[in-house]
Amino acid sequence: MTKRYVMVIDLQVCTGCNTCSVACKQENNLPEGVWWTQVVTLGVNGNDSPAGEYPNLFMDYLPLGCQHCANAPCVEVCPSSATTRTEDGLVIQDPTLCGGCRYCMLVCPFTGVRVFAGETLRYSLPFPTGDNPIVHRPSTVEKCNFCAHRLARGLLPACVEACPMVARTFGDLNDPNSEVSELLRTRPHFQLLVEKGADPSTFYLT
Amino acid sequence: MAASTMQQQSPIQILFIVHQPGLRDSLAQVLGGFGSPLRWTSANTPADVSQVLEAQLDLILADPFALDQGDSMAYYKALRYRAGATPLIALLPADTPDYRDAAVQMGANYTLAWSEIATELLPAMERLLGRKRLINGMSKHIENAADLGAPVGASAFNAANLSLAERSRREIERLSEHLSPPSRAADMQPANDLSSSHTAPVSQAVFLRGLALSAAASISSDTARIIRTACNLNCGSHFCGLNVTVRGGEVVKIEAADFPDPRYRRLCMKGISHVQMQAHPDRLLTPLKRKGKRGEGEWEPISWERALDEIAEKMRALRAEFGAESLVFLPYSGQLSALNGMNGVYLRLAAALGASGTSLREYGIDSAIPSGIEDTLGAGSGYQSNHFTDLPNSRLLLIWGGNPAQSHMNWWNFFLEAKRAGARMVTIDPLFSLTASKSDEWLPIRPGTDLFLALAMLRLIIENNWMDRDFVLRHTVAPLLVREDNGEFLKVRDAYRNAWIGRSQNGDQARCLVWDAEREKALSSQEAKSPVLSGQYVVAGISCRTAFDLLCDMLKPYTPELASTKTGLETGQILRLAREYAATKPARIVTLYGIDRWNHGATFGRLAAMLAAFTGNLGVRGGGVGVGASPGSTLSASEFPTPNGRRHRPINPLLLPEQIISEKPYPIKSVFVAFGNWINQLPDQNRLLREALPELDLLVVADHFMTETARYADYVLPAATFFEREDMVKGPGPYVQYQPALVAPRGECRSDFEIAAELAKRLGCGDVFEKNPREYLAEILASGADTRHIALDDLRAQGVMERRLPPEWEVAHRDLQFNTPSGRVEFYVERLLPFGRALPGYEAPLEAFAENELAARYPLVCLMEHSRYRVHSTFSNAPWLRELETEPRAAIHPSEAERRGIAEGDLVRVYNERGQVVLRAHLNQAVPPGAVYLSQGWQSVDFQDGHTQSLTHARGNPANALGPNSSFSDVLVEIEKAEGRLP
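These protein sequence lines are chains Y and R, in that order.
Read in order, the letters of the first sequence correspond to residues 1 to 206 in this note's numbering.
Read in order, the letters of the second sequence correspond to residues 1 to 983 in this note's numbering.
None of these hints come from the bench; they were simulated from the model.
Treat each hint with caution, since some may be false.
Claimed, not checked - In the EDC-like style, the derived pairs of lysine to aspartate or glutamate whose C-alpha atoms are separated by at most 20 Å in a straight line are:
#1 R:K761 - R:D101
#2 Y:K3 - R:D101
#3 R:K132 - Y:D199
#4 Y:K3 - Y:E182
#5 R:K77 - Y:D199
What the hints assert, rightly or not - Far from chain R, some chain Y residues (derived; all Cβ distances over 10 Å):
#6 M1
#7 K3
#8 L42
#9 D48
#10 P73
#11 E179
Because the structure is a prediction, the values reported are computed rather than measured.
Heads up, the beta-carbon is just placed ideally off N, CA and C, and yes, glycines get one too.
My request is simple: use the sequences and hints to build the entire structure.
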């Protein structure tokens with residue numbers, strides 16, 4: 001049976017600290033302004049601001065990156081085959097093939113999971129960080145690849161590895177013995193925008 | 001979570017897709033217990049289901065086998081799609097993994113065996129209905145993505161305020177006009193106009209596409225090494241183990257390192273950002289000497305030899321004229337390694353010179369609550385409470401004035417563990433903090449009124465006899481007799497002037513007496529078989545009352561009604577809280593340092609410790625009280641700073657500016673700052689800059705960056721980072737970790753050890769640095785009872801080793817021996833008689849209280865928070881973190897903003913009589929009306945003008961056992977739009 005890699009994120013424990021986001025930045029040597037994952041506060045006024053009225057307030061965090069949809073519309077529309085879906089369920093964005101047309105950004109139901117890298121890529125350091133051999137190119141679309149280069153070495157994605165709250169779990173949903181299968185069997189969960197029919201591979205435990 | 005669902009007006013609409021009538025009946029029965037109105041509909045055919053889906057629906061409860069469908073998998077996938085955000089709970093006839101997996105594949109949001117319905121259904125429903133909020137929030141986020149400050153997606157769509165669909169349509173039109181996407185990938189050429197030198201050592205030919213290729217190509221085939229070290233910053237969590245990848249002589253990646261106890265394997269976004277700090281383009285690389293006036297920023301690079309010679313020469317001259325104590329060494333907590341850290345080389349140097357240095361007892365910061373705990377629970381216990389690893393043993397966590405999920409983020413897992421084990425978490429905080437948002441209950445108290453709540457709780461616990469009477473009688477001063485004439489405890493020497501009772505031992509004369517009901521006389525507490533708690537007695541002509549009675553008298557006015565008026569909490573909430581705290585055992589009070597930043601911080605510490613004592617929550621697993629550090633503290637590690645038993649002359653940093661100005665009790669002429677940002681972290685910055693600094697003949701700063709303190713220095717010395725020199729740290733928890741020098745120092749940077757040793761040589765005390773660092777590390781290990789068994793070579797090889805701590809080290813006051821004058825928990829403190837504060841009655845804030853006249857002009861309480869993206873001022877220049885928190889902001893409630901005509905993002909001036917700061921406003925419902933929240937640690941370059949520390953004052957409470965302490969939050973300000981007011 002083929003694999004279906006999924007990410008399961010426990011919103012009960014996520015504190016929105018963005019350690020995942022920074023670990024991703026480091027691992028993938030992301031240029032300034034480019035984030036492949038980031039934690040969104042579902043409040044009313046930007047990050048770390050709750051919704052409601054004092055003192056009846058609530059605040060939820062939602063780590064948001066490419067959802068690696070099973071029916072990924074981005075794969076369908078990419079004219080240069082830069083966006084592909086692997087047999088394992090990874091939606092891969094290859095910057096060497098990306099022509100920068102941004103069709104994928106338009107069809108993606110999840111605004112904000114892709115970034116269009118600017119004409120000039122800026123870095124604070126004169127050497128690459130992390131272990132992803134990716135070469136970032138200006139004017140291309142950037143997004144999370146589920147750390148395909150790490151999976152190939154038997155490692156977990158950098159964000160999963162780094163989360164200090166252990167909110168993220170990654171694995172094969174087609175393997176009934178995997179931790180992700182166990183979590184989805186036993187915990188209430190949801191996917192985003194199911195009505196769009198994309199069948200995301202990111203599940204949120206609630 | 002359920003609260004929002006509860007508040008819904010219309011009933012929750014549920015669809016049953018259930019065949020068996022019995023199942024339907026039991027569902028109906030269980031749902032009858034749901035806290036809000038429900039309405040359910042049944043559907044037995046696909047056509048019925050389809051019809052119901054047309055209407056508003058909140059939840060689907062489905063037995064996947066109920067509909068007679070050939071391919072139920074396909075049917076449910078379609079249903080899932082149709083139902084959209086409506087959660088679906090699958091009800092399975094049997095509890096097998098296969099059924100559950102199939103249900104998940106069908107799109108069920110939760111799977112439930114029929115047998116679990118009675119217990120599991122309602123909690124799952126609450127969680128899943130709560131997710132509607134998330135989904136709505138998510139849709140809103142997507143709509144607003146272009147407006148968000150966060151950079152994600154911002155560059156994709158610039159047209160603000162258009163719907164996503166509209167933006168998409170326009171974008172597609174625009175793109176189709178201007179872009180003709182390359183039709184074939186082969187047309188693409190590798191870009192050769194990269195603006196930086198980021199060409200990874202992988203050819204385009206090898207890196208064809210994603211997954212396949214990165215596996216084959218290693219970015220680091222040549223020289224990458226992974227080396228273990230430990231972070232040594234003072235963040236609140238302390239000493240995460242780091243696995244550092246070094247490639248080409250540079251730190252290129254940081255990951256969490258393993259520990260014997262896997263719960264300690266952790267790191268944070270700041271720890272990762274050391275990668276950017278280490279090779280930061282702004283690192284200081286060479287010694288600098290000031291040209292021009294102090295603070296002008298004109299520098300001349302000079303050699304180490306010249307810098308050290310000149311500094312030593314000036315110090316020698318000052319020593320000759322004003323004495324060695326006029327030289328102050330001010331190591332702060334920015335580094336906490338054994339040698340290169342707060343309690344390390346510079347205090348050793350100061351001791352050898354007879355110079356002054358940071359007091360290890362009176363920090364002037366973080367010492368108010370510990371002062372109160374020290375008075376109550378004994379000397380040396382101020383910073384002690386049960387270790388964080390003991391949290392999961394608590395059944396109730398009362399988090400009072402702290403935000404550990406943010407400020408102690410890598411201990412938060414232990415709080416979560418407690419929650420998972422069933423502990424209830426209650427947070428008391430004016431701010432709807434991250435911790436409050438994760439708690440079971442949040443009590444939004446008015447800033448500065450915590451004493452009223454604590455006093456009322458104590459009164460309720462005593463009045464209702466919810467107290468642990470046995471503990472109170474045996475372990476607190478409650479039964480001790482207090483003389484009515486002078487307020488002191490009645491001692492043996494007072495009552496039996498010409499005799500002695502018991503065996504004659506030194507100290508017997510000072511023993512305190514209780515009234516023994518059986519023998520009807522005053523006896524030492526050791527002798528008394530039946531001590532009384534209440535009463536008035538005359539002993540040797542001296543009229544006495546029990547300390548307990550005095551306490552009860554003192555507490556009388558502090559009714560829950562008064563507390564309610566003052567705190568803004570409801571009387572019922574206060575009653576419930578007191579009752580719950582007294583009834584739930586074990587319970588722990590986690591204070592951290594929020595209320596420490598007030599004039600009454602020590603009194604709060606006393607009351608918190610008393611609450612723990614009166615409920616018997618001391619010395620037990622899962623109990624305890626305090627700021628959270630552990631027994632076997634990680635900070636003051638060794639005798640290294642006291643060569644040959646000599647000690648530096650201690651100075652409370654809070655009082656230092658005053659001493660520089662007044663020259664009392666002795667003049668200070670030179671200040672050497674290391675591991676810290678003195679001007680940034682001390683209150684009342686304008687006075688420090690304008691009045692104290694000009695009186696200094698010499699200011700030297702050793703640091704990695706040109707901090708705002710370094711900018712005022714005469715000499716700036718480039719210090720090595722913890723990646724560049726050898727050292728070790730004691731912690732976290734039971735561990736000790738080695739820090740190897742894993743890259744060469746950048747530029748001409750030198751370790752603080754070298755800097756101190758070179759200065760010592762020039763100042764005639766080179767002998768205290770004659771050994772090399774490794775020898776001193778071995779000595780420190782050998783001299784500690786907990787580390788004596790550890791050989792440095794073993795530690796170097798293993799990276800982390802376990803200290804030998806006494807059993808039950810996680811529990812403070814385990815032996816119930818209290819190091820107070822009476823040996824008991826002292827809610828009545830003789831030391832405080834001259835201050836009129838033997839009992840911890842109400843003590844008003846210095847400035848920030850409603851009745852203060854000053855509030856007419858400065859009506860807002862100014863509270864100073866710690867951001868999770870910085871450790872004090874460290875990381876304020878870390879680029880990744882600056883993308884997440886771009887600039888300082890003043891957070892205020894929208895109602896306060898509206899009243900002043902302030903909109904989100906406006907530049908505002910926050911000011912009072914002492915100073916001002918100009919920064920952007922952030923409208924935030926988390927902030928109570930009547931307050932403004934600022935974040936500490938930003939530097940002057942980050943503000944439009946002024947500084948947060950110019951608003952604060954240096955008035956500390958003189959009664960504190962650990963010396964006066966900064967009351968950063970006991971401050972009033974006003975805020976106004978800054979337009980046209982910028983200088």
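Outcome of the hint check:
The hinted pair formed by K761 of chain R and D101 of chain R fails the criterion: a straight-line CA distance of about 72 Å is larger than 20 Å. This hinted pair checks out: K3 of chain Y and D101 of chain R have alpha carbons roughly 15 Å apart, not beyond 20 Å. With a C-alpha separation of about 18 Å, the suggested pair K132 of chain R and D199 of chain Y falls inside the 20 Å cut-off, and the hint holds. At roughly 16 Å between alpha-carbon atoms, K3 of chain Y and E182 of chain Y fall within 20 Å of each other, so this suggested pair holds.
Of the pairs offered as hints, the one joining K77 of chain R and D199 of chain Y holds, with about 10 Å between alpha carbons and a cut-off of 20 Å not exceeded. Chain R leaves M1 of chain Y outside its interface by the beta-carbon criterion, the shortest separation being 12 Å against a cut-off of 10 Å. Non-interface status of K3 of chain Y relative to chain R is upheld: no Cβ of that chain comes within 10 Å, the nearest being about 12 Å off. Annotated as non-interface, L42 of chain Y brings its C-beta within 10 Å of a C-beta of chain R; the closest such distance is 3 Å.
In this structure D48 of chain Y is not separated from chain R by more than 10 Å, as the shortest Cβ-Cβ distance comes to only about 7 Å. Chain R leaves P73 of chain Y outside its interface by the beta-carbon criterion, the shortest separation being 12 Å against a cut-off of 10 Å. Against chain R, the non-interface label of E179 of chain Y holds: every CB pair exceeds 10 Å, the least being about 13 Å.
Figure legend: structure checked against the earlier numbered hints; hints not met, in rising order: 1, 8 and 9.
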